[in-house]
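Chemist: Chains as they are written, first to last, in the working numbering: chain S, 1 to 314; chain B, 1 to 314; chain Y, 1 to 255; chain C, 1 to 255.
If you are wondering where the hints come from, they were derived from the structure by calculation, not from laboratory data. Even glycine gets a Cβ: it sits at the ideal position worked out from N, Cα and C. Possibly wrong hints are sitting among the right ones.
To be verified - Pairs of lysine-lysine, DSBU-like flavour, derived with a Cα cap of 35 Å:
hint: 1; chain 1: S; residue 1: K296; chain 2: B; residue 2: K205
hint: 2; chain 1: C; residue 1: K73; chain 2: Y; residue 2: K73
hint: 3; chain 1: B; residue 1: K205; chain 2: C; residue 2: K131
hint: 4; chain 1: Y; residue 1: K243; chain 2: S; residue 2: K14
hint: 5; chain 1: B; residue 1: K14; chain 2: B; residue 2: K50
hint: 6; chain 1: C; residue 1: K243; chain 2: C; residue 2: K131
hint: 7; chain 1: Y; residue 1: K243; chain 2: Y; residue 2: K128
hint: 8; chain 1: B; residue 1: K296; chain 2: Y; residue 2: K243
hint: 9; chain 1: S; residue 1: K296; chain 2: C; residue 2: K73
hint: 10; chain 1: S; residue 1: K50; chain 2: Y; residue 2: K128
hint: 11; chain 1: Y; residue 1: K73; chain 2: S; residue 2: K205
hint: 12; chain 1: S; residue 1: K134; chain 2: S; residue 2: K50
hint: 13; chain 1: B; residue 1: K205; chain 2: S; residue 2: K14
hint: 14; chain 1: B; residue 1: K296; chain 2: B; residue 2: K205
hint: 15; chain 1: B; residue 1: K296; chain 2: S; residue 2: K205
hint: 16; chain 1: B; residue 1: K14; chain 2: Y; residue 2: K73
hint: 17; chain 1: C; residue 1: K128; chain 2: B; residue 2: K50
hint: 18; chain 1: C; residue 1: K128; chain 2: C; residue 2: K243
hint: 19; chain 1: C; residue 1: K73; chain 2: S; residue 2: K14
hint: 20; chain 1: C; residue 1: K128; chain 2: B; residue 2: K205
hint: 21; chain 1: B; residue 1: K14; chain 2: S; residue 2: K205
hint: 22; chain 1: B; residue 1: K14; chain 2: C; residue 2: K243
hint: 23; chain 1: S; residue 1: K205; chain 2: Y; residue 2: K243
As the list claims (entries may be wrong) - Here chain S is said to cover these stretches of chain B; the calculated rule only asks that three of the stretch's residues, wherever they fall, bring their Cβ under 8 Å from a Cβ of chain S:
hint: 24; stretch: 34 to 43
hint: 25; stretch: 63 to 69
hint: 26; stretch: 157 to 171
hint: 27; stretch: 191 to 200
hint: 28; stretch: 208 to 215
hint: 29; stretch: 296 to 304
To be verified - Here are the computed distance ranges between Cβ atoms for each label pair:
hint: 30; chain 1: B; residue 1: T203; chain 2: S; residue 2: A9; range: 32 to 38 Å
hint: 31; chain 1: B; residue 1: L138; chain 2: C; residue 2: R162; range: 39 to 45 Å
hint: 32; chain 1: S; residue 1: H12; chain 2: Y; residue 2: G130; range: 56 to 62 Å
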Amino acid sequence: MVRTEFHIAGVHFKNRVLAASGTFGYGDECTDLVDVQRLGGIVTKSLSLKPRDGNPPPRIVETSGGMLNSIGLANIGVHRFIAEKLPRLRALDITVVANIAASSVDEYCAVLDLLEEAGGAHAYEINVSCPNVKEGGLNFGTDCAMTAGITRRLRARTRKPLILKLTPNVAQISTFARAVQDEGADAVSVINTLIGMAIDIRTRKPLLSTVTGGLSGPAIKPVALAKVYETARSVHIPVIGIGGISTPSDAIEFFLAGATAVQVGTANFIDPAAGVHVAEGIATWCTTQGIDDVGKLVGTLDTQGGVSVLESWL
Amino acid sequence: MVRTEFHIAGVHFKNRVLAASGTFGYGDECTDLVDVQRLGGIVTKSLSLKPRDGNPPPRIVETSGGMLNSIGLANIGVHRFIAEKLPRLRALDITVVANIAASSVDEYCAVLDLLEEAGGAHAYEINVSCPNVKEGGLNFGTDCAMTAGITRRLRARTRKPLILKLTPNVAQISTFARAVQDEGADAVSVINTLIGMAIDIRTRKPLLSTVTGGLSGPAIKPVALAKVYETARSVHIPVIGIGGISTPSDAIEFFLAGATAVQVGTANFIDPAAGVHVAEGIATWCTTQGIDDVGKLVGTLDTQGGVSVLESWL
Amino acid sequence: MLHILARVLHVTSVAPNVYVLAFHAPDLAAAVRPGQFVNILTGDSLQPLLRRPFSVYRTEGDAVEVIFQRVGKGTAALSLAQPGGFLDIIGPLGAGFHLDDPRYQTAVLIGGGLGVAPLPIATAALQKAGKRVVTLLGARTAGQLVETHLENVHVATDDGTRGLHGTVVDLAAQYLPVGAHEDARLFGCGPTPMLRALAEFARTRALECEVSLEGQMACGIGICQGCPVELTGQLRTYALMCKDGPVFNTRDIVI
Amino acid sequence: MLHILARVLHVTSVAPNVYVLAFHAPDLAAAVRPGQFVNILTGDSLQPLLRRPFSVYRTEGDAVEVIFQRVGKGTAALSLAQPGGFLDIIGPLGAGFHLDDPRYQTAVLIGGGLGVAPLPIATAALQKAGKRVVTLLGARTAGQLVETHLENVHVATDDGTRGLHGTVVDLAAQYLPVGAHEDARLFGCGPTPMLRALAEFARTRALECEVSLEGQMACGIGICQGCPVELTGQLRTYALMCKDGPVFNTRDIVI
Ligand SMILES: Cc1cc2nc3c(=O)[nH]c(=O)nc-3n(C[C@H](O)[C@H](O)[C@H](O)COP(=O)(O)OP(=O)(O)OC[C@H]3O[C@@H](n4cnc5c(N)ncnc54)[C@H](O)[C@@H]3O)c2cc1C
Ligand SMILES: Cc1cc2nc3c(=O)[nH]c(=O)nc-3n(C[C@H](O)[C@H](O)[C@H](O)COP(=O)(O)OP(=O)(O)OC[C@H]3O[C@@H](n4cnc5c(N)ncnc54)[C@H](O)[C@@H]3O)c2cc1C
Ligand SMILES: Cc1cc2nc3c(=O)[nH]c(=O)nc-3n(C[C@H](O)[C@H](O)[C@H](O)COP(=O)(O)O)c2cc1C
Ligand SMILES: Cc1cc2nc3c(=O)[nH]c(=O)nc-3n(C[C@H](O)[C@H](O)[C@H](O)COP(=O)(O)O)c2cc1C
Ligand code: FES
Ligand code: FES
Chain S
1 MVRTEFHIAG VHFKNRVLAA SGTFGYGDEC TDLVDVQRLG GIVTKSLSLK PRDGNPPPRI
61 VETSGGMLNS IGLANIGVHR FIAEKLPRLR ALDITVVANI AASSVDEYCA VLDLLEEAGG
121 AHAYEINVSC PNVKEGGLNF GTDCAMTAGI TRRLRARTRK PLILKLTPNV AQISTFARAV
181 QDEGADAVSV INTLIGMAID IRTRKPLLST VTGGLSGPAI KPVALAKVYE TARSVHIPVI
241 GIGGISTPSD AIEFFLAGAT AVQVGTANFI DPAAGVHVAE GIATWCTTQG IDDVGKLVGT
301 LDTQGGVSVL ESWL
Chain B
1 MVRTEFHIAG VHFKNRVLAA SGTFGYGDEC TDLVDVQRLG GIVTKSLSLK PRDGNPPPRI
61 VETSGGMLNS IGLANIGVHR FIAEKLPRLR ALDITVVANI AASSVDEYCA VLDLLEEAGG
121 AHAYEINVSC PNVKEGGLNF GTDCAMTAGI TRRLRARTRK PLILKLTPNV AQISTFARAV
181 QDEGADAVSV INTLIGMAID IRTRKPLLST VTGGLSGPAI KPVALAKVYE TARSVHIPVI
241 GIGGISTPSD AIEFFLAGAT AVQVGTANFI DPAAGVHVAE GIATWCTTQG IDDVGKLVGT
301 LDTQGGVSVL ESWL
Chain Y
1 MLHILARVLH VTSVAPNVYV LAFHAPDLAA AVRPGQFVNI LTGDSLQPLL RRPFSVYRTE
61 GDAVEVIFQR VGKGTAALSL AQPGGFLDII GPLGAGFHLD DPRYQTAVLI GGGLGVAPLP
121 IATAALQKAG KRVVTLLGAR TAGQLVETHL ENVHVATDDG TRGLHGTVVD LAAQYLPVGA
181 HEDARLFGCG PTPMLRALAE FARTRALECE VSLEGQMACG IGICQGCPVE LTGQLRTYAL
241 MCKDGPVFNT RDIVI
Chain C
1 MLHILARVLH VTSVAPNVYV LAFHAPDLAA AVRPGQFVNI LTGDSLQPLL RRPFSVYRTE
61 GDAVEVIFQR VGKGTAALSL AQPGGFLDII GPLGAGFHLD DPRYQTAVLI GGGLGVAPLP
121 IATAALQKAG KRVVTLLGAR TAGQLVETHL ENVHVATDDG TRGLHGTVVD LAAQYLPVGA
181 HEDARLFGCG PTPMLRALAE FARTRALECE VSLEGQMACG IGICQGCPVE LTGQLRTYAL
241 MCKDGPVFNT RDIVI
């Protein structure tokens, strides 16, 4: 038997593969097609204080090896989540990570407070790729001080694991990771989507109603892996790797690069059981390799012989 | 007849499709397979003062819809370029853009001076995605002041078009574009490769000798397009769009987003005539659309009805 | 909702660039209702990345059929599917037509182009329910009409090569003179501009009308929020095409 | 260097997972020299993105053949190529073996696994040049040996199911006792570890040895600098596998 479980700040996860926020609903939608209890955990769609309708269509475009989305944080709001979804999730044997999004620091706090009061979520993941309405729409996640500030405020309000989900659309993601670590974050999730765009040349219009959107899927895996590697080398808290993971082999790459766990996103759209297949494939692979604990893979990339960054690509 | 030509700071380009630096050698390698004179121009492999051997193998990995490279700026050096390559290029009817890379500002200047003295290059493209040896290997291109500084120093030394090639691995590429515009750059090329990584799980080693490398190809097209759109809206100098362009339709997307011209990179590896096919396909498409000048496409994206960025993706 | 590997029975070209694909899927055949769709993985590698949605065209015993036009990578791959091979399919998905309402007698099925797709399965159900069925088909040209497994077919072509020279909505106007058909209900499927015209037609004639929409989807099962359909009433409130639709009453939505 | 659309003649399985692909390419057949390779576009969409390099196996009139093992996406697609269909091919590429040097009499061709690929075309050229040919083949197991169009074949298998129980370099050691074969020259192709062992063997026996290397390529035509081969002598100076190779004298390179 391969050991697959792990802990973040004392909270137990059955295995190291979670469903990524926004790519698995609230965890209760496709129980027909997949036994969600075989996942390491479920990260909910981002929850805001009030329900959000989201952006007009089109919200989705397929690209080479990936897809763009501009969902616009459509979600049922934290109140309905607590009333309708949490009871169903509580009935399952699954670790629930509630993902929180907001357009002000106060809103982050309010959502967290409501979830704390309700109980039932085992951990929080904070989506900072949100426009800060007070600062004219500047994205929280691209400003290190704002990202740290959110962490500080939330840390003071919960003892549950606080996971900051970082955006890759910055020059150095590790700076942000260190900043949130210093404010007491228990882990970081790396990465959210890359900013991208696509155009219909016949109509001369953007293929997303919001012009730009978030790129995800296999196309971004190399970028995500590099960001995880960069982050894992500069913090001591766990890094959760996200970006283009579709297969057990993809996930193992992230473990080797330093991820303690991974999340499967876009791959769920192709197969809602993708996360379960990844989790079980990892265990099988470990068995064939004589590895008795998936955790033993974490950060074991062999870079000996790698030339220095100074000599690196140009 | 569709008008395809354009000018940058008075220099004439036959059409709006150039071969991208590092993906077409020095322009004289595959004359067997393609009539390079049908390209709008050729951007040379980055030239450094001394020849560079480049990084150890492996330098190439294929990824989903893209590839990673860590060539390490292997090039014959500016002296051999002037002695061996320029004479051959001069014999052709083609606009030559000499791309310059360096590990110090002085080296940039020295290479440019040698090329100025030799004559034959019609314009310069400056690759700032290079480690600054004096600053401990910090990449010039991720520091706005350094990027501006290089531009200032080079601007003082040439009247030929000076094109700054920007890296996407920053939070806001438009800040860099404005900075180089303010220092007198005639155009910007957007984008160089994204930082990425891939791992061989069997050996637990990176698939590039340098651990991380540059991601290119169709996978990055959405990111490149968004960066071009961002840049074109914030500068008045021409933006040359680069990133994943393989088809006429890809190129037209970049024109609509605001690119004055485009460069074809990775696609040359699949078909060395890719650039010519893109150029000719654009002209054909314009004919079918009744467009008499490719330039009339530039920046004509219709974003009416696009919702505000505040409501945008999260 | 099932996730199956279904054996391909045949792929048959029924008009230029139009194919019927039949696959063996007993449970799906038993479960699917008219207007529902299936989401097919068209490639085994990642090109194209996402599944492709297709309305169910017919069921015949244990076989399920879809009809599709080859427009891009996914449908090109499907058109080459080999009998005996297997396809990865999720379905039945979405909410279908509400065919069994006792408040109408005549179902007017209206298909534009490949919008004919859900009409044969609907026809079979309507016949069972004892409704009268009239079918109005539109196509660009006569050769593009696919008229099998339908009842009482009237046609219109954009180029006048058969039937009415005009659109299928023009045909509906001709077939349904003002006030004449309070007991009729419209069920439409086709390109968005046609559905928009049909909705307007139904509104002016005060006829109930359900349409099956098409649009971008990522997951097809309600977990990505990628397929909003604007609801009438409040500005910018949305239903999900894949879960709440693809069939909607035209009264409820902004097309 | 040609860029052609070549008609597929046939794809034939010659061993488990091993295929010979023949295509019609008169100009290429006329131009190619032993040890050169072709770069084949295996998919028409972007999956896989890059071309795949294959040594030329044989030419037969206007036909060119490659032999390949199905290992991934590209070779899987190639194994399904349909006779009558067309493949987009660039070639001949690289520098081949130097077979016509008058300073040796016996060519010892050494192939490990699919390293047999360039040996038949080399055999034909050597026969024409009047050289004596000896062929040493290694494989994991007997069933993986492909021995056609070769001369004087001796074999070794890792599992001992045929010939020498050992590697093809062990076989070479047996076949070429110390000092006995100054007039022989070695030409090897196979996996890198085998070539490394072969180079070491050639060095200790003071035999000239040329090997055909494999490794990552992007362009195959010398424009990307993606395929460095380390040269002996100065640290970190490189030749290009695709342009200067894939065949190198083992003296000149660090394998
Ligand atoms: C609920 C639902 C049911 C459908 N039922 C059917 C059906 O029964 N038969 C059928 O032929 N098609 C049907 N479609 C449309 C079908 O899904 C698309 O034609 C298919 O996804 C195209 O895939 P592709 O990879 O071949 O084309 P792509 O390569 O994705 O696109 C090729 C071209 O087709 C256009 N295109 C892509 N998707 C659509 C679309 N949904 N509508 C209009 N244009 C599109 C693209 O803009 C592009 O120009 C349905 C769609 C939905 C949402
Ligand atoms: C000059 C040259 C000549 C070659 N000649 C032949 C030949 O005649 N016959 C033949 O069968 N192969 C030959 N190869 C190797 C062949 O190019 C690869 O097997 C092929 O590219 C694999 O493509 P794929 O898409 O099927 O596999 P991929 O999906 O790219 O890879 C599948 C697996 O194979 C491994 N792999 C990929 N490329 C290579 C490689 N070059 N060497 C070893 N392992 C690899 C990968 O690491 C991966 O594990 C040659 C290579 C070179 C450089
Ligand atoms: C349709 C869609 C919706 C998403 N919604 C959210 C969200 O609400 N909150 C969030 O933090 N991330 C969201 N993401 C980002 C994913 O959780 C993930 O970080 C990203 O897609 C990269 O992983 P992938 O390539 O595996 O999809 C969304 C992604 C997609 C594709
Ligand atoms: C193998 C390779 C080598 C490259 N070398 C250089 C270089 O020397 N100088 C440079 O400015 N850009 C270089 N680039 C970047 C390309 O010019 C281009 O900006 C990038 O690849 C994105 O375009 P593409 O997706 O069309 O390839 C290189 C790219 C590749 C793939
Ligand atoms: S397509 Fe994902 S919710 Fe409808
Ligand atoms: S593969 Fe491009 S230079 Fe050799």
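Chemist: Now tell me, hint by hint, if it's right for this structure.
Modeler: Here's how the hints hold up against the structure:
no., hint, in the structure
1, S:K296 <-> B:K205, "holds, 16 Å"
2, C:K73 <-> Y:K73, "holds, 17 Å"
3, B:K205 <-> C:K131, "violated, 44 Å"
4, Y:K243 <-> S:K14, "holds, 31 Å"
5, B:K14 <-> B:K50, "holds, 32 Å"
6, C:K243 <-> C:K131, "holds, 27 Å"
7, Y:K243 <-> Y:K128, "holds, 26 Å"
8, B:K296 <-> Y:K243, "violated, 42 Å"
9, S:K296 <-> C:K73, "holds, 30 Å"
10, S:K50 <-> Y:K128, "violated, 46 Å"
11, Y:K73 <-> S:K205, "holds, 22 Å"
12, S:K134 <-> S:K50, "holds, 17 Å"
13, B:K205 <-> S:K14, "holds, 28 Å"
14, B:K296 <-> B:K205, "violated, 49 Å"
15, B:K296 <-> S:K205, "holds, 16 Å"
16, B:K14 <-> Y:K73, "holds, 33 Å"
17, C:K128 <-> B:K50, "violated, 46 Å"
18, C:K128 <-> C:K243, "holds, 26 Å"
19, C:K73 <-> S:K14, "holds, 33 Å"
20, C:K128 <-> B:K205, "violated, 46 Å"
21, B:K14 <-> S:K205, "holds, 28 Å"
22, B:K14 <-> C:K243, "holds, 31 Å"
23, S:K205 <-> Y:K243, "holds, 27 Å"
24, 34 to 43, "violated (count 0)"
25, 63 to 69, "holds (count 6)"
26, 157 to 171, "holds (count 3)"
27, 191 to 200, "holds (count 7)"
28, 208 to 215, "holds (count 8)"
29, 296 to 304, "holds (count 4)"
30, B:T203 <-> S:A9: 32 to 38 Å, "holds, 33 Å"
31, B:L138 <-> C:R162: 39 to 45 Å, "violated, 60 Å"
32, S:H12 <-> Y:G130: 56 to 62 Å, "holds, 59 Å"
Of the numbered hints listed earlier, those contradicted by the structure are 3, 8, 10, 14, 17, 20, 24 and 31.
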